[in-house]
Structure formats: structure tokens, C-alpha cells
Amino acid sequence: MNENMLMFGVAYYPEYMPYERMDQDFAMMKKAGINTIRVAESTWSTLEPLDGVFDFHYIDQILEKAQAAELDVIVGTPTYAIPSWLAKKDPSIMVTNAHGQEKYGHRQIFDLLNPTFRFHAERVIRKLISHTAGHPNVIGFQIDNETKHYDNRGNEIQRQFLEYLKEKFETPEKLNQTFCLPYWSNSIHRWEDFPDISGCINGGLAGEFEKFQRKTASDYLAWQADLVREYMREDQFITHNLDFEWRKFGADIAQDGYSYGVQPDINHYEAAKCLTRLGADIYHPSQDDLTGAEIAFGGDSIRSLKQENYLILECQAQAFKQWTPYPGQLRLQAYSHLASGADGISYWNWHSIHNSFETYWKGLLSHDLAENPTYLEACRIGEEWRKIGHQLTGLRKNNKIALLIDNATLTAFKWFPIDRDLSYNDVVRWMYDSLYEMNLECDVVDVNGLEPDRYHMIVTPALYCASEELLTKLENFVTDGGVLVSTFKSFVANEYSTVYADTQPHRLHPCFGMSYNQFVEPGRTRLLGAKVKYFAELLKPESAQSLADYEHKYWGGYAGITRNTYGRGAAYYIGCYTEKHILKNLLSQAADDAGIQRLPEKYQWPLIVRSGQNRDGKTLHYILNYSEETQNVPCIWRKAKDLITGEVFHNGDTLDIADWDLKILEEANM
Amino acid sequence: MNENMLMFGVAYYPEYMPYERMDQDFAMMKKAGINTIRVAESTWSTLEPLDGVFDFHYIDQILEKAQAAELDVIVGTPTYAIPSWLAKKDPSIMVTNAHGQEKYGHRQIFDLLNPTFRFHAERVIRKLISHTAGHPNVIGFQIDNETKHYDNRGNEIQRQFLEYLKEKFETPEKLNQTFCLPYWSNSIHRWEDFPDISGCINGGLAGEFEKFQRKTASDYLAWQADLVREYMREDQFITHNLDFEWRKFGADIAQDGYSYGVQPDINHYEAAKCLTRLGADIYHPSQDDLTGAEIAFGGDSIRSLKQENYLILECQAQAFKQWTPYPGQLRLQAYSHLASGADGISYWNWHSIHNSFETYWKGLLSHDLAENPTYLEACRIGEEWRKIGHQLTGLRKNNKIALLIDNATLTAFKWFPIDRDLSYNDVVRWMYDSLYEMNLECDVVDVNGLEPDRYHMIVTPALYCASEELLTKLENFVTDGGVLVSTFKSFVANEYSTVYADTQPHRLHPCFGMSYNQFVEPGRTRLLGAKVKYFAELLKPESAQSLADYEHKYWGGYAGITRNTYGRGAAYYIGCYTEKHILKNLLSQAADDAGIQRLPEKYQWPLIVRSGQNRDGKTLHYILNYSEETQNVPCIWRKAKDLITGEVFHNGDTLDIADWDLKILEEANM
Amino acid sequence: MNENMLMFGVAYYPEYMPYERMDQDFAMMKKAGINTIRVAESTWSTLEPLDGVFDFHYIDQILEKAQAAELDVIVGTPTYAIPSWLAKKDPSIMVTNAHGQEKYGHRQIFDLLNPTFRFHAERVIRKLISHTAGHPNVIGFQIDNETKHYDNRGNEIQRQFLEYLKEKFETPEKLNQTFCLPYWSNSIHRWEDFPDISGCINGGLAGEFEKFQRKTASDYLAWQADLVREYMREDQFITHNLDFEWRKFGADIAQDGYSYGVQPDINHYEAAKCLTRLGADIYHPSQDDLTGAEIAFGGDSIRSLKQENYLILECQAQAFKQWTPYPGQLRLQAYSHLASGADGISYWNWHSIHNSFETYWKGLLSHDLAENPTYLEACRIGEEWRKIGHQLTGLRKNNKIALLIDNATLTAFKWFPIDRDLSYNDVVRWMYDSLYEMNLECDVVDVNGLEPDRYHMIVTPALYCASEELLTKLENFVTDGGVLVSTFKSFVANEYSTVYADTQPHRLHPCFGMSYNQFVEPGRTRLLGAKVKYFAELLKPESAQSLADYEHKYWGGYAGITRNTYGRGAAYYIGCYTEKHILKNLLSQAADDAGIQRLPEKYQWPLIVRSGQNRDGKTLHYILNYSEETQNVPCIWRKAKDLITGEVFHNGDTLDIADWDLKILEEANM
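Just so you know, the protein sequences line up as chains A, B and C, in that order.
Heads up: the first sequence is residues 1 to 670, going by our numbering.
Heads up: the second sequence is residues 1 to 670, going by our numbering.
Heads up: the third sequence is residues 1 to 670, going by our numbering.
The shape of chain A in the complex, shown without the other chains (with noise of 0.2 angstroms):
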């Protein structure tokens, strides 16, 4: 792929066609200005129909007509979904989980560490990549897909998961009071008496063999990426399309749910140690819902991976009923990736499937194969891209701020939670949505990955757990100048989620100014006029100043929000959840103390700003309307240009932008 063009992708399935349509998808294609396919990702019994007896002219034929077509080609590994006849060969590859044996049938259910499927897997993976890797098509490789460690909780694993466990702690006695075992009589005092991890009710034990599950996707994708090392070219990719914590909203259904937040059962940062372009799947609600939160969050959260730019592999094109997209919407959704530093999309999926599963899920083309208003729709994006591409690709950010994501922590808290109706992911979004609608960019960073010299303004939504080495960070950070802001439920375990056993916010105290040890329902309690939910910390100011107290009878006495200068930075607190407003008026003063310039009031929710640096040094300014009325605002850039019309603006000049609508800025060189 041409670093200079714009990836305008779509999931190509003509194996679950009910007709053989190629020629014509490949021309509808090209009216829209599709210039990359995603295939093979899910072919297994189709490339290898018995055991041992490969098949290639159906990728063959892909293959071809794509050259023919001049549309790139990115070859997925075909492992995610195996073939009955794997599974009839070794039953024992079926995953046990929480509700036992899973039977075939479903994807993504079976032991990722069983040998009989390493071998097969092996054998097809070197099969495809060794046939498809010379095709100047093919621009590279997904290994596997939305790989995750599917609950398993076999004999391999659990094997596999104890002597990790003898290695980490040598001793029993370590392992017991590393984690309170002797809580119920569950301490062990030798090895052998380990028990089934499936009946653990220790927490911090729990958490850690999650952990473990974590590693072996992370370690199986490194598997698959060395596999395909051996054949791949030099200009061709590895990549793989991680995705996020699928938040359904009750219904066992496929046409449910959408992209939420912190994945729970692959870490991020592990896994894409093996990439070498960073994908994406990012789906999200639609029609009144769209607010680009989700494009948003997750785009943040893949580039700050490796600090570099990405593809979303999948995103919704048509989808369910309620994501059908209004007028508008299509396109907003395609320039919202790209703003968050995505060099292209591809739809899921090209045509809407005719039974099986996912048929609902629909794709660009409706199940009748024709144009439909979707479809026209992305014929104007691949029109624009095709004209401005070269200018959108490549975009750098240079965010300041920096918002900390952490898997034990979301471990912990399905343990552990704050509330039964609030959930990490909860917090996480409470705080990236209000500083997303404050037009405040920031990098979405692993706990592991966090580099503090980077950011002027660090913020922990319930970093819950919080080894001594990231709390050593953090505090330098304050005491040489950063910004840390903080909520309820940070720093309270370490990474076993053991609860620190002295004043809390652990260690950060002095740094915050204020300690506590108590916390409470809110009840009636209100912080500033406005009702606290879920929860409460009755915090105690020292040389903090108390930004609101409490509203009540009795917890009256206690702050709700702190703030302390500490060193030569500043520190906040706040100690329950409420309102966003009030969350933002924290966050306002914070990037004030931080030296981070904020856009002027009439630049926020629903007119969404987004910006960086392209390829040729220019600033782009990315302004799209979440919303079904035009907004008008005035230009505060000098002089700048839209880069899809061509108009120019002068600062003070009006900026019309229509419902669900979008301008690029590109700001003149002084």
C-alpha cells in the first residue's frame, strides 16, 4: 500500500456468496473507490476442505481478478474459525471454559494452546502465506482475528499457569501470602496441592490467572506473525485487528452491542509487540446516538500503542437497524477515523451475508446486491480520497495529555466492583467522553507503556491497581511539573490487587494532600449542586484545598474534590462519581495548571475538533458536526484552507458546517 493513498477497504466474503459475483463486485468496487480487500480470514474449510487436502484455486481466483482490478490485498490467516473435521480429528480441541467443553460450531471456541490444533494451524498458515506471499497484490498479512484467550481454563492451561506461578513465586508460602490464601482455608503448602482455577474465589489469584489468559493470546499472535515472518516480503505488513470490550446491552443476539471500552481478554500492548501496522475493529451506535466517542477512543487507544498510525480493519458500514447511518453519517464516521490518526477503513462487510449468523450485520451492499443510499455514500468518500488522500495520510498528534488504561484493574473489579451498576469501563468512558467533548486530545496509554516525559497532564480513571514502580512515576511526574488528575478508586491495590495496608491513595497521598478511609454510598449526597451516584470517598484535605465539599447530613464535613501543589506540579482528586459538567470544570482548571491551550467555548460538544500534523508538516484541523444541526463557528486559525472544497477561511470568518457535516482545515505556513 502506497503510503501517500488512503486505505478504502472492505471485508471481501465471496465464499459465502449465494452466486458467483466477482466481476461485478470488483466493478461496484472500483465506482466507490475500494482500493484495498480484506479476504481469507475465515476459510479454513474452504482452503483446506479435508485433512491434509488444500485447496487455492478459490484464493487463486481472488487473487487474480484483484490484480486485474488493481485492488491491494490483505490476506488473513484463516485460524479463528476451524473446520468440523479438526474438531471430529481432536475433540480435546474444543476450549473449556466457564460453562465447560464448548461443542463446535461457534468461532473463537477452542484451546489456543492445544497441540493438535498448533499443528494444523501451523501447517495451513505456512500453506496460505507460502502461496499468497509472492503476489505483487498482496500488501500484507492479519494474523489471525480479534484473537482473545476465549475463557480457557483447560488441563494445558492451568498446567502451563502453575509452573508460571512456581517461577514467579519458587515458594507456596510466597504464593499464599502474596495473595491471602489462607482467606477460607485455600492456602497451599506444596505445589501439588494447587487446586482447579475454576472453582478460585480469591480475587487477586483470579485476576492473576486472567493475566495469564491474556498471555497466551499475546503469545499465540507472536506464534502466527513469526510464521508469516518466514515468507512475507519486505514491503508487505503484519497486522491484526484488535478490538475492545464489546458492551452488549442484554440480548444474546448478534445484532448487539457495540465497541465500549478497554478490552478484557487480550492485552493490547502485549500483542502488538508483533505488529508491524497497527489494526483495528471499532463498531459503534448510530442514527441519534453517533457521537464519534467510540472512533475516538479506540483510535487513541491503538495509535499510543506504538505511537504510530493505524488501520481500522473493520468498521460498520450499514450494520443493524438501529446503525443503518442517517444522510451524512457514512462519511462523518470515515473522516472521524482519519482524525484520530487512521490511514483508511474498511467496511465489514462488503455484501450483507444470506443466512448463517451475522446476517443482519449488513454490509455496504444490502442482501440484494445493489446500490443503496449507503453504497452512494461511500462512492463520495472514495471520490474525495481519491482527490485528497495524499494529504490526510500520515497524521501526527502530539497530545499532552495522557489517560491511563490498565487490564488488572478491570480484572479487579468484576472482583472487586465499585458498583454493581458501574464498571470500569464506566469510569474509563466518564472520563475520556468529557474530555473528548471538550475538544482536549489525548493518548489512550497502557499502564506499561507509559512514558510520563511525553505529557504535561496524566489522568487515572479508577487506576485501581497500581504497582510501587507506576506510582514512583507518577509522583516524579508531579514533582517535575505534570499535571495528575485522578478519581475514586485509584491507587487503592497493587498489581495482585492487594490492597495497600496503609493510607490511601497509596504512596500519592502527600502528593495529593489529602488522604482517606472511609467511603460510602452517596445516597442523598450531592458535590456542587449535583447528585453523586454509585460512590464516594470522604476525603480528607492536609495541605490540599478542598475544591467542593460534600452536601449531607453527615459526610458534610469531607471534600469530594481536592487539588494540591506538589513539587512544581499539581494534583486532583476527585473522590466520587456525578455529573460530566463537574468533571469538566475540574478537568478545565487541570489543563489550565498543565499549560495545555483549549479551544474557545463555542468550540465544543457536538462540534467536534481534532488535529495534527500531516506527512508535509501542515496543520490539519479536523471539525465535524455530531449533529443534526449546522453549527457555525468562527475560524480561529489566521488563515486556513478546506481541504475537501477548497474554500479558504480568515480568522473571524464564519464556518458553516451542515448536519453530521465535516470541514479539514489545513492552516496556511505563517
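No lab work stands behind these hints: they were computed from the structure.
What you are looking at is a predicted structure, and each value in this text was computed from that prediction instead of being measured.
Check before you lean on any hint, since a few could be wrong.
Identical copies look the same in the list; a pair holds intra-copy or inter-copy alike.
Claimed, not checked - Restricting the straight-line Cα-Cα distance to at most 20 angstroms, the calculated cross-link-like pairs of lysine to any residue (SDA-like) are: (1) K531 to P264; (2) K127 to A222; (3) K103 to D151; (4) K88 to E163; (5) K248 to R420.
Based on the hints, put chains B and C in the right spot on chain A.
Just chains B and C now, kept in the frame of chain A:
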């Protein structure tokens, strides 16, 4: 049973009685006018206390005393609940369903295909029928009881299913193509690789298995019928109590739910073939929630199976606390069954049970086994039926409207729901209840039994699965002058749930004069001022007229209801779910198009009119007041006599119908 | 323990501590006035780290330091949580319940009847008790912990249950008849055919099994008591912490639920027989939801088991965020326990736990292990008890009202619920809480322990199962001048849940002077203007007077509340569930009939008065303010002294009781 007599019966379980009181029971029945008892269907462990040891003393006593009391007897084969010794003898008898293998205890949880079960069932059936068939008071036999497939997914049914697939599809490739099995690598390339169906994620294939499951249930009934036929007399009948989708409100207790819609677990049309007398079980809400709709829907469904009258083999007496009838309701219900074509009813059950499971599914007698208000109301019914029953039997209908129902569609929507809160039966009932409340009587017709020539108007609520053959029928129906009324989600897929890959509605879009290729969540959309709910197709009229466009900023350009003339007929289409009054307006117009006469406006809900011809060729009108207010309407017939009171009315006379009361008007001959 | 001293204790788990700090803990306890620690009940894996290897170094250290600190010690047998080596040694130890066999991890999930378990439990108990019984600071032993039957349905318990049935019923025919087993063909005709109880659908038989399950739990406690008795000194006691139905709100996390009502899984009356000191665990809502009702209900239940005082072995310190007490609440709770007859309390637990499972079930100390407001309030309690404790121990009650409770009924309603939203304990608490809020103190008496002579008034909330023997007792009670107050669903069935087959309420209908044979969903029914909810029996007064008829078009002819004089007494019956104020009016009248003196109107909720005689024969009145407003009432006693402040009040003086505060008035001798 005398065909000039209405059956007035009870299910009678002396084996459940806390003490012997058959004489007393029969005396109380006689007082109430009860003329029929249904016995023995749950008595296997009583009749065959040990393997091969039979004891018919119990049944002999019933028959002897019934003869003395001049009660007709329907003998049930005792196979729906097996004795524990049989489950002990061959544990493989217990069915394996989605939850694993069932444990002995509940009824209807064994494998209908199990050879041990069949051997013992055959033996006890032969013994019982040969023992009782000669008795003069035995008027017929009920085979089994509310038979269904019990979600059987054991080895034997899976083996038979594979044979069925081989025969039907011949090659794995054809199977793959029919159901899109390559999806998620599920294709098979030799029959040996066909996996356990329990893990199946392919909606189409799973639907085919469910169809096969239903077939095992109707085949099993046919097998029982063949056995009974070897012994029964010519004047005896074979019946079965077909029942309906049981809609629960949430609690997993006996006192919850009612007969709601199309039965998912056996196909009535197939099952009815082996019966010589149609039978049904109908239960419904009562007290303030009594509407008669379930009585009418169930009756119209059963009668339409063969255009024959039927017996209500079970209906509620007192039942649950929420069903204990208001004064008048028991009687209103009884006549309502007749008004749909029943030749009598039988209460479940005679007496309340004093322990076990359905203790609070109360019978005519409460636990005190004494008279009570409900029993006394039954006495009134019995008295009236003794007098006028001969004028009410054999009511014939000549309905000009057919409402089409389909099991394959019901199954398909489990996999591909319209909305998580809108099931297939919800749409069926939305349509049926609208017709019912408008006093537009209809047949409820299985798609496999449709004879279009009988009708002027065909109604298809969400008829998702439609074979090309059915579509041809429907197109010809309209061409020939019929009126077709279809809703959203009709004609989307073929009989294998595979969505048609061309313009929607498939094949009939010229007939409807419109098409669509997008559908959406309604959100704030309105239609004719009313809220649209659950689902909306964006209809694009071509030759059709839009009867209403959506009211919405973005979907406003699309129609929500269309009407088209086609050939000599007309076709209506409503693309969304909305309030019933809008649907009723559409149905009014369609009925007018179809030349179907409607009653004056005053004759409408809660006043229900159901009509037909009795054996004497007289036209009867049941006028039923489903409310707690007296209703007054003018007589619209030249001259008519109330069969109950003998009162005569002329055109324009006022009919006063008290709360929960009724009249049966016999039109005078011209 | 000195009988003149109140126990002020904590559960203490040094084995859970993140670091060794016993000296510091004991010092902090002493400061707070803590005089007793409860230890060892979850320490099996610590005391016996490997099979047969015992290490009492840990327990020795505690005893040694406790002696130095002058702390009393209650030693718990460590059997409620087994070590993993034991589950490894014999996997059959893990209980098989409705969900299959449990996996090791959780506490209380093994088979109490398993011989391997019993062997090892006996060994460790003998070792521990023989090791500690001689220590001067050990005042008693707690056997096991919150023991229940764990829904054991494994092979051994089923074998024993069958033996029990054989012995009790002698023939299968008697069994069939008792439980109506012919229903659904469940009758058996030789014992060998008795099926696995897990599939049982017979509510009566399943109830008998549940009774048997409860028996295994109390038998097991008696077995432990026998072992302990072999070693203990005469001045030591055997206790156990009986607990209550744990009412959850929905989340399956530790921080959810509270002690609500009658315990379903062990029978307190049977279990208490082997104890020499009654004990209980009581947890309850707090903050705005603190009412004291659970403290009173639990206390009245436990005290009534033997008409003895008791120890609260567990109650909440800080516990969950929603229970962290308001200032004053911890102290109010402590005194409320005493006011019901407790001789002291013990917090669960001393310190919050830093990992594992109950991490947020916080102790007196927060995770920082430092002082906090709750700890400081405990110090105040300790200080006061040191001064006046000797005047508060051994409080004796002479309640004239008995509220009858029954385990069989509780089980029966699981099968035959009154309403899906109204459980047995809901009715018990509706009745109990009404009495409580009226300051009418009562005993809460198991039906098997009823001595009618003690009482003037007996109250039966929904006493569904009632043996003929009990009914005789109650009838005689009324005949002899007692007042009986019963609700709907009382006296319906016998002790096997078999509904009586004659006039309801069985046998007592002459006593109540009314009968009914229908009951209904209330719908829009009202009674005395208030909405009737869940359930309504249609009462037909004979000799009784209707105190209120239903307000409803059709049920208006029936009574909802009746009163009858019978013999020298009176019998009230309320046939439906409605608002508490209506029940309270009925109870007022009944109490007057019974000659029970009521406090003046001002002394009512939220002001709670609980009274008794202390060891010196002095009458004490606890006046407890369960609200955040100061309450003012006139002193109604001639002369009384507040034991806490020493202040003296005369008749008519104003008592000011601050929010969540209390007074303990000792009446002056005449």
C-alpha cells in the same frame, strides 16, 4: 358422542384424589350437566405399576361408574409421563436437550425416538386400547397429550437427521451452498464431518433441524394413531389436544403463562393428519384481562387445519388466582369457544389437586371439593346446553380472509429477530387481534395448507420464509382479483431462511409496486402521527401509492404504508410496526377492496360478533360482551331470535348485553 | 466469660494479615474496650498444612498474647472451609447440588455426610480442642460456622433419604398417597424404583427432602458438639452462629444482601439443641435504611429458641459502602442488640481484608489498619459498657405475643408461591415489622417449639403447613381465651404440603367463624381505601364479623378481614396483603382483646422501645431513635434513670433523644 349434543366435559383424575369419592364426583358432574370425562392420560404408573404387570382395575371402575352415570368417556393413551421403573430400566430414555440429559420426574422429557420407550409405549397402548375400545361409553381416544419434540438432540435424532439431509441434499456441497456453511468455516466436504448440531450457529441449518424435530413429534402421533386404529370401533374417534405457544411472563412456576400464538414445537398441520377429530387446549388471561382473543385465535387455527369443527379438550375452570373468573366470565368463555366452531369444551380439570406440581391450577372444584361460584356457573352452562346445544353444534364458517402462519418463520426469527422485544407471534397477534377487534373473522392457515381460492383476502404478518411456490400462489391470487395485505419482514427469505439475493420483497415487489433495500430502528419516527416501534423498512413506491410517509428528518422521503393495484386485485404493505388503530384503518380499506362486508361501527370492540351456519342451515350470530359495562347496540338483522332467552328482535331494536354476557341471535328465514 | 460482663468482641484473623501485627492489634482492641476475640474458624489449611501434619504454633501465639492482653477467646472449629489437599485426596468430598458437583475454592460446598470429610474433620477438631481447651482465656467454642445443608443431593444423602422414607412410610403405596405421586405417573410400587430426587417435580416430596437436608445440617452440628464436649471444661460453652435468610438484591457479589428472615437451609430449633450458648449473625441495611428491624427480628428469633439470652457472634462494623455507619449508628446498633436480649456482640471483623473475596466487607479497621471514625465510635461503646455493662446483661423478656414461623411452609412456598413477588419471609416480615414499629414485642417461635400457655396472642403469618396437632393447639389456645391473628394462606396444607381436602381454613374455620373456597389476583381491589396487593382470599363470614369488605365490582361481596369470638378468646383473619397501617390497626385491636398494654401513640416508629428485667430485677426500657431527627417524648414512667448519663426523669418530663441516639431508662423501684 351424539353429533347433536355439545360436549361438556372435564378432565378427571380419581388417581390424584386424596380419598375415594367417584360416586360423589359423578353426582356433582351430573348436576352440572357434565356429559363427558377425559381420563387416563397420565396413568402409566397406575396401569402398569411394575414392568409388564398391568392393573386395569382402576380404569374398569371408572368405566363402570361412568356407564351407570351415563357419562361419555375419552380415554387417553398414558404416554406423556413415564413411570420411574422405565427410566431406571433404560436411562437413555431421558431426552438430551440444550441443557444436557434430563433427569426423571417431569413429564415430556424423554426421547420419543428411543426404542425402549417405543417398545413399552406400544405395549401399554395396545393393552389399554384393547381393554377399553369395546366399552359402550368410550366415545374416542386421545393419543398422548400436548405432544412436542422436547428439544430432542440426542444421538438417535441426530443420526436420523443426517440421513434426512443426505437424502434431501445428496452432496455436502449442496448442503454447504443451501445454508451458506462456508461462513465461519462450517462447510463440510464429506458427510462424516457433520458435527453435533447442538453447537450449530447457522440459523438456516438449525432451523432445518428444528423442522426435523417437529416432524419426529407428528410422526410419533401418527404411530400412536395407527396403533389405536387397530382396536377402535368405527363410531369412536382419535383426537389430540394441540396446544399453542405458551407465553410466560418470567416466573418458572406452573401458575404462569397462557396460550399465545403459533406452536413452535410441533406443526399442527402435519400433526392433525392422523386425527379423526380435531382437539385443542386453550388457556388465556382472565378477570380484567379477558378479551376472548386467545379463544378465537386458537379456534380459528384449529378449525382451519381441516375446515372442520373441533373439541376444546382443555380450558380453564378456576385455574390460577389471576384467572378465577368474574361472575359471567366462565359462561362467556364457554360460548366463545362455540362461536369459533368448537363442538364442546372440557375443563382442566374437575377437581383441584392437593399436592405435586399444578396444585394451584385449580379445577371446577376447589380443594374443598364442594360447590363454589365457578362450579355453580358451570351448572348454568350445562343447563343451557342441555336445552339448546343441538342448535349450536357443527357451526360452519365461510371466512373470506386467511391469515397465513408458518413454523419455519417462527424458528427463523429466533435466529434473526425483528427486534428483541418483538417476536413472530407478537406480529401474528398484532394482526390477528386487529381483525378480531374489528369483527372481521378469518381462517388462520398454515402456509402448507393454503387454498387461495377459498379467500378474497390474504393477510401475511411477517411471513419471512416463503418458497417460490408460495410466492407464485400469492402473486396469482392478486392477479386473479384477491387482496393481499402483508407486513414488514414478509417474503424476505426462502424456506431455508436464506435471504433472497434480489429486490425485496422478493418476487412480489411488482405486485406491491414498491421495493426497499434498507430498514432502520424507528427512533423518533412517526407514521400518521403515531409512534413507530421496533422496526421500519424504508419503502420506495414505484407503481404503488404511498398511504403514509414516515415523519422523520431523514426517513421522511420513504413510505411506511403502500397500496398497489395489480392484475385484478390489490396489494397492501405496511413496512413498520405501529399502533393498532393504524393497522385497522388499513385493514378496513383492504376489506372494502376485497368486497368483504363489515359490521356497523357500533359493533366493535369490546363487543365481539362471531357468526356461522348451524346444521339446520340457520345463520347464528354470537354477540359477546367482553367488558364490565353493559353494551347497547341496534339489531341490524331483519328479525332474529336469541336462542338462550327466546326473545325476538327486529331491525333497529336495541340489544342490551350485560357485563360479560352474550346473545346468540338466530336469523329468521326470509 | 463473666456473666456480669457484656461481650464486646471481634472476629480476628491474623492469618489474613499482610504483615505480623498482633501486638499492635491487641493494643488497639484494648483501647476500644474489646474483651473477646473469636478465632480459628477458617484456619484448617493453616493448622493442618498437609494431610496429618499439624502446626499449632499460630494458635499458641494468639492464646499467649491474648492472655497477656486479658482478652477472652472463642475458638472455632475450622471445618466450614476445607484445605485443598483434602479435596485432592478425595474428590467425592465436594458437594453435588442442583448445578452438579462443585469445584474446590468456595467455603461450604462439600458433602457433610462424606466419610472422608468426617474422618478428617473429626481429627482436626479433636486436635484443636484438646490443644486449646485447657487454656485459661478460652471461654468457649464455636462449632463450625453458619452451617447449612449446601443443597446436598449426592448419592449418600439420597441413600439415607430413601432409608428415612422407608422407615417413615413403610410401603411405597403410603408414600404415593401421602404426596399424590400418581400425578404425572410418578408413583412407585417398589422402593427400588425411587428415582433421583434431583428431577423431582412433586412439591411435597421435594419439601420432605429439603426437610431431610436440613436435618443433616443439624445432625452434623450435634456430632461436632459431641466431639467438643469430650474435651471442654465445665465453665466453657459451645455456641454456633445461626444466621438468617440472606436476601440478595440481584448482584452475585459479596457486597450484596442482608439478614432478612427465616433461614431456609437449617432449622434453628433443631440446631440449637446441641448448643449451650445461643449465638447468631445479624447483618442489616444501614445509613438511611437503618431501622433496627433485622436486629430485633433476629434477636427475638434466637432468644425464643430456648427462652435464653444469646451472643451476637457476627455483626457489621463498616462493611460495605452502603453500610458505613452514620455517626451514632454503630452505637445505636450495639445497644439495640442488647435490647433484644443479647449479652454482647462481636464485630465481623476486626480488620478489613486486603485481597481474596470479602475485601470490601470492611471491619472495624479500614485497610489502612489505623483509627477511623467507626473505630472511635466503638471506643465509646467499649467505654460505656465497661461502666454499665453489668446492669445490662441477662435481660429477661416476658413477651405475651408469639409470632409463629415454619421451615416446611417456607419450602412449600418455593413450589406453590403466593405470588412471584411475595415470598414467605416477605409475609413474615410484613407482620413482624408491623409489630416492631408498634412497639409490641413478640417472641418469634418455631412451630415445633410452641408453648401456647406462655402467650396471650399468637400471630401466624401465612402459616401454610399446619399439622393436625398444631391446629388442635391453636384451637385450644383460642378456646382458653387466647387471641389468634392469622393471615391469608394459613392452615391450608398439612406438614407434607398436601392441601386439606375440606373447608378452608382447615379445622379452624369455626374458630375464625368464616371460610373461603376461592382466592384471586387483587387487580384494582381495595380494602379500607388501600390497594390490595399480590393475593386476596374471598372470605365468607359466618359467625365472624367482617371488619372490612373488599372494594371491587365483583369481589365486593366478600370480606377481607374478619374477627370472631370463639370460646373465651378471639380470632382475627386477614385474607389479603395490603398496606401496613391496615395491618397495624388490626393488631391494635387484637392486642387490646388480648389485654396487652400498648405504649402511648407518641411512642411509635421511628422511636423504638424494647424492655425487660435485668439480673437485679430492675425494669429497663431501651428507647431507640431510628431517625436523623431528634425525637421528644414525655416520660411515662413514675421515675426512671438513664443508665448511660445518670440523668433522672419523672413522669411527664421530656425525653430528648438525638438522631440515632438512645436512652436506657431503669425504672425506679416503687
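Evaluation of the provided hints:
1. K531 to P264: For K531 and P264, the Cα distance exceeds 20 angstroms both inside one copy (30 angstroms) and across copies (39 angstroms).
2. K127 to A222: within (18 angstroms within a copy, 54 angstroms between copies)
3. K103 to D151: both (14 angstroms within a copy, 17 angstroms between copies)
4. K88 to E163: between (30 angstroms within a copy, 19 angstroms between copies)
5. K248 to R420: both (16 angstroms within a copy, 12 angstroms between copies)
The structure fails hint 1 only (numbered hints given earlier).
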